[in-house]
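Participant: The primary structure of each chain is shown beneath.
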Amino acid sequence: MSRIPGLGIARGMALTLRRLFQPKVTVQYPEERYPVSPRHRGRLQLLYDEFGALKCETCFQCAQACPIECIDMGGTDTKDRFHVHWGPPEQYAERRSESALRRSGRPVPDPAYTAFEPVDLAPLEAILAAEDYDPRRMPAILERTQAAYGHLPVATLKHISHSTGAWYAEIYGTASSCEHLRFEAPTTRAIGLCRCAACTLAGGGRLRAALEAAGGTELPGTTPDGALTLAAVDCHGASPGDPYVTVDGVPQRGLSPEKLAELATAIRAATARPGRA
Amino acid sequence: MSVVARSWGHLTPAGKVVVPLLGIVLALGLVAFLGIVTGILPAIGDTVVLTGRRNVGIVRFLVAATAALLASVPIAFINIYLEMKLLAWIALRRGPNRVGPFGTLQSVAHGFKVLAKEDFTPTGADRAVFTIAPVVTFLSVVLAFMVVPFAPGIVGVDMNIAVLFFFAIGGLTVVGLLAGGWASFNKYSLLGGLRSAAQIISYEIPLTLSVVGVVMLAGTMSLHGIVEAQAGHFWNWFVFQQPLGFLVFFLAGTAEGNRTPFDLTEADSEIVAGFATEYSGMRYGFFYFAEYVNLFILSAVTAILFFGGWSAPVEIHQLAAWLGVAVPSFAIDPSQLGIGLLFLLALGPALGTVLCAIPVALLRTDWSLRRALAVGFVLFNVVAGGLVIAWAYLASEVVAGLFWFLGKTFFFVFVFVWMRATLPRVRIDQLMGFAWKWLLPASLFNIFATAAAIVLVNR
Numbered sequence: 019m020s021r022i023p024g025l026g027i028a029r030g031m032a033l034t035l036r037r038l039f040q041p042k043v044t045v046q047y048p049e050e051r052y053p054v055s056p057r058h059r060g061r062l063q064l065l066y067d068e069f070g071a072l073k074c075e076t077c078f079q080c081a082q083a084c085p086i087e088c089i090d091m092g093g094t095d096t097k098d099r100f101h102v103h104w105g106p107p108e109q110y111a112e113r114r115s116e117s118a119l120r121r122s123g124r125p126v127p128d129p130a131y132t133a134f135e136p137v138d139l140a141p142l143e144a145i146l147a148a149e150d151y152d153p154r155r156m157p158a159i160l161e162r163t164q165a166a167y168g169h170l171p172v173a174t175l176k177h178i179s180h181s182t183g184a185w186y187a188e189i190y191g192t193a194s195s196c197e198h199l200r201f202e203a204p205t206t207r208a209i210g211l212c213r214c215a216a217c218t219l220a221g222g223g224r225l226r227a228a229l230e231a232a233g234g235t236e237l238p239g240t241t242p243d244g245a246l247t248l249a250a251v252d253c254h255g256a257s258p259g260d261p262y263v264t265v266d267g268v269p270q271r272g273l274s275p276e277k278l279a280e281l282a283t284a285i286r287a288a289t290a291r292p293g294r295a
Numbered sequence: 009m010s011v012v013a014r015s016w017g018h019l020t021p022a023g024k025v026v027v028p029l030l031g032i033v034l035a036l037g038l039v040a041f042l043g044i045v046t047g048i049l050p051a052i053g054d055t056v057v058l059t060g061r062r063n064v065g066i067v068r069f070l071v072a073a074t075a076a077l078l079a080s081v082p083i084a085f086i087n088i089y090l091e092m093k094l095l096a097w098i099a100l101r102r103g104p105n106r107v108g109p110f111g112t113l114q115s116v117a118h119g120f121k122v123l124a125k126e127d128f129t130p131t132g133a134d135r136a137v138f139t140i141a142p143v144v145t146f147l148s149v150v151l152a153f154m155v156v157p158f159a160p161g162i163v164g165v166d167m168n169i170a171v172l173f174f175f176a177i178g179g180l181t182v183v184g185l186l187a188g189g190w191a192s193f194n195k196y197s198l199l200g201g202l203r204s205a206a207q208i209i210s211y212e213i214p215l216t217l218s219v220v221g222v223v224m225l226a227g228t229m230s231l232h233g234i235v236e237a238q239a240g241h242f243w244n245w246f247v248f249q250q251p252l253g254f255l256v257f258f259l260a261g262t263a264e265g266n267r268t269p270f271d272l273t274e275a276d277s278e279i280v281a282g283f284a285t286e287y288s289g290m291r292y293g294f295f296y297f298a299e300y301v302n303l304f305i306l307s308a309v310t311a312i313l314f315f316g317g318w319s320a321p322v323e324i325h326q327l328a329a330w331l332g333v334a335v336p337s338f339a340i341d342p343s344q345l346g347i348g349l350l351f352l353l354a355l356g357p358a359l360g361t362v363l364c365a366i367p368v369a370l371l372r373t374d375w376s377l378r379r380a381l382a383v384g385f386v387l388f389n390v391v392a393g394g395l396v397i398a399w400a401y402l403a404s405e406v407v408a409g410l411f412w413f414l415g416k417t418f419f420f421v422f423v424f425v426w427m428r429a430t431l432p433r434v435r436i437d438q439l440m441g442f443a444w445k446w447l448l449p450a451s452l453f454n455i456f457a458t459a460a461a462i463v464l465v466n467r
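Chains as they are written, first to last, in the working numbering: chain A, 19 to 295; chain B, 9 to 467.
In case anyone wonders, no lab produced these hints; they're calculated from the structure. Bear in mind that the values here come from a model prediction, so they are computed numbers and not experimental data. Wrong hints could be hidden among the right ones.
[To be verified] The list that follows gives simulated cross-link-like pairs (lysine-lysine, DSBU-like), each with its CA atoms no further than 35 Å apart: (1) B:K195 <-> A:K42; (2) B:K125 <-> B:K195; (3) B:K195 <-> B:K121; (4) A:K42 <-> B:K125; (5) B:K121 <-> B:K24; (6) B:K195 <-> B:K24.
All chains should be built: construct the whole structure from the sequences, respecting the hints.
Facilitator: This is the structure in structure tokens:
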């Protein structure tokens, strides 16, 4: 069949000729409009009434009804005091599974759920009691928790959520937006070196060369074995006459290049992970 | 603001066209009236007519050239509209339908848009050549128009070497394209121009050779004579004696007219319009104007050479004689009617409207009389228009010829558009290989086969 020359062209021409007489699909937009799908939600925005005031009464029903907690409501009260609605404690998992049950007719396991390690909650209870279980003191609670546990385990965040009434999602958001709060224990040790002009004049260049030689990497970077991170830190003028060096965040004084290289090599030997490099 | 300016501002766009025209007509009428009254016009009238008679060739040429130039504008607009509409329909779209009834004025709007755009000449361009290149392209196409016979007697210049003239003038197109590419001071334009020159010159050869068979059969190179050689029923058309010649001519003509699948010259989806990269405004428009007129002329020449030109598929008088019925003669001379003509013109429309309105009013009693009359008026116009066209078709062989010629021509325009909607563009090496390895041998074989057949039949 396909060996006949011109057959494909003839078939194509026949196809386009049929298309010529078929009904057209164009929708003449301003005159004709397709019905909008009932599932279409349009664009989320706050509406204003005819006096220019927001129609939103801050009833928080939208935030409560949102099954994936993507709506986060805050507002001010009539006396212009900041007022945030802290929702009922931790409904996230329950409501998502309820929703799945309603839609599919059978319970659906959550593949995103991972079991978290239980921790000793006694220090956290003390912190919470000291902070009066107040969600508005969340940054302080989180900082003190990190100081007590070294990082923020999931179990502590869940417990904070239960105790204070703040949503887990909000606590997570607060914690993840603060650079000094971390969710995993630090596995890599870090040496920081300031690169400002004052520190460089005071001998920072030699320290940096020694550090890079010992670490086998450029200054902002991690050694190939993953044991040591060389970080660029800032002395903020706190180190007159002496290059500013930190080891795991603790400032060090009077380090010579040889001593620093020795220190770096020792750290690498102690914390080298066999899986890397 | 003066009264004139204010009145001018109140005019609709159509009025702004009509009012100056009315002024011109009035001025001409005044001049004619004064000339007749003072006796100047009758005095010089004889001399003018005599001079025209003595130089009838020149007068005829001037009239034909003006007519060709004027006719090219609506023809290009119709072709552009057809192309837009048919491409849209094949793509299941609706096509232009906003400007004018069914979007028929869309191409006019495009023309005005192109006219309103800036006409830009790039720095370093050869200004004179850059300006003249679109004119050369357009003129070569319009000159080819001069030898196309539309109907018996309706031809610009009835040359005895019309076929040769057509190909010679058609070959001038490439000069315009090459000049445009070269003068643009742009290496891509130059490459585009060279490429289009290579394509068009390559396809010129099989295009010309494929017609040799037709010329041998007809015994003349006059397009008028070639059409007359195909007179009679449709089996006299040369397409049935020269199928290979027709195929080669049509394919080579597709390439010659820069139509898909051989539109390597323009290739709008791949290269930036080749030689026309630096062109803008109406100079750019002239290239495309020429292309669409060329599309019409290629279709027309295909219809003339292979499909009997203006001759009907079936000779109605011969058919009637064979069936034993007489075709009524409608050769009415309106001037013979005398005073009856006046009555016909004055009362015919009114009587016809009433006659057509009566059945409407009887059938739709719920309509008001005004409405029935309005519908009757429309009905009368349709009937009268149909009658006039039918009368013109039967009474005048020019109208009948024009009908069949334009019908065949626009059928081929449709085929060109249809091909554009269907076929993908070929590569440049495929394009060249097709011309030299297939079309050229095929056209040569066609010449030898035709010559052998003529010798065998005549012996």
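Participant: Take the hints in turn and mark each one as holding or not.
Facilitator: Here's how the hints hold up against the structure:
With a C-alpha separation of about 43 Å, the suggested pairing of K195 of chain B with K42 of chain A is violated against the 35 Å cut-off. For the suggested pair K125 of chain B and K195 of chain B, the alpha carbons sit about 24 Å apart, so the restraint of at most 35 Å is met. Of the supplied pair hints, the one linking K195 of chain B and K121 of chain B holds, its CA atoms being roughly 28 Å apart against a limit of 35 Å. Taking the CA atoms of K42 of chain A and K125 of chain B, the gap is near 33 Å; set against the 35 Å cutoff, the hint holds.
For the proposed pair K121 of chain B and K24 of chain B, the alpha carbon gap of about 19 Å is at most 35 Å, so the pair holds. Simply put, K195 of chain B and K24 of chain B have alpha-carbon atoms about 45 Å apart, too far for the 35 Å limit, and the pair is violated.
Checked against the numbered hints listed earlier, the structure breaks hints 1, 6; every other hint is satisfied.
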